[in-house]
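Engineer: Chains A and E supply the protein sequences, listed in that same order. Numbering-wise, the first sequence is residues 1 to 84 according to my numbering. Numbering-wise, the second sequence is residues 85 to 184 according to my numbering.
For the record, the hints were derived by calculation from the structure and aren't laboratory data. Check before you lean on any hint, since a few could be wrong.
[What the hints assert, rightly or not] Computed from the model, here is a short list of chain E residues facing chain A with C-beta under 7 angstroms:
(1) Asp92
(2) Val93
(3) Met112
(4) Ala153
[Stated by the list, open to error] Derived list of chain E stretches under chain A, where covered just means 3 residues or more per stretch with a C-beta under 8 angstroms from a C-beta of chain A:
(5) 115-129
(6) 155-161
(7) 168-181
Ideal Cβ positions, reconstructed from N, Cα and C, are used throughout, including at glycine.
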Amino acid sequence: MTSGFIVAAIAMLVCLVPAGVVMARGEAAETVIGYEFITSVVVMVFALLAEGFGRPSLFEFPVLLAVLLYGSGLVFVRALERWL
Amino acid sequence: MTREVIADVLLALAVLVVAASALGVLTMPDAYAKLHFITPAAVVAPVLVALAIFVQEGLDENTGETCVALVFMMAAGPFLSHATIRAIRVREHGDWRLKP
């Protein structure tokens, strides 16, 4: 177990709070921006936790989420443009 | 020992970048300004995290997978930012192009 990576992961999770506030209180466009910020940070959190706990198999999650980040972001952006 | 110190410094820099970006997203007045602060969190911080894992682990499977995730994020980030700006303009003005 590597404590520096786990501490960094926890610190990054704390940094998600401002984006959560923006998502909860902002307009639709600001909500999408908060979502994009959170997904970007969560990719790093998954990588940091996998490294911190020494679980190589968990490195699949950041790769998967990084791919899904693009598709899901475009879905929300398209919804913002057309329907919201 | 040296590896751990370098990795910790890189991780601290990554956390600082993410924290500054989070503050920017929170405090900027409108969506256009907030969007600028996603790029450091989506491009700069992942590079620092990948470097930290590389320093800690060396060149192995974990570093490779982190780099794959990093490549996806670096490729997707600009496209997503551009699409978001376009969507906001269409939402506000009905068209993304400048009107004379």
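Engineer: For every hint, state whether the structure bears it out.
Structural biologist: Going down the list of hints, with the structure as the test:
1. Asp92: This interface hint holds because 4 angstroms falls under the 7 angstroms limit.
2. Val93: For valine 93(E), the interface hint is violated, since the closest Cβ of chain A sits about 10 angstroms away, which is over 7 angstroms.
3. Met112: It is violated, given that the least Cβ distance between methionine 112(E) and chain A is near 9 angstroms, above 7 angstroms.
4. Ala153: With a closest approach of 4 angstroms, the alanine 153(E) hint holds.
5. 115-129: holds (count 8)
6. 155-161: As far as the segment 155-161 of chain E goes, the hint holds, because 5 residues have Cβ atoms under 8 angstroms from chain A.
7. 168-181: holds (count 6)
Comparing the model with each earlier hint shows violations of hints 2, 3; every other hint is respected.
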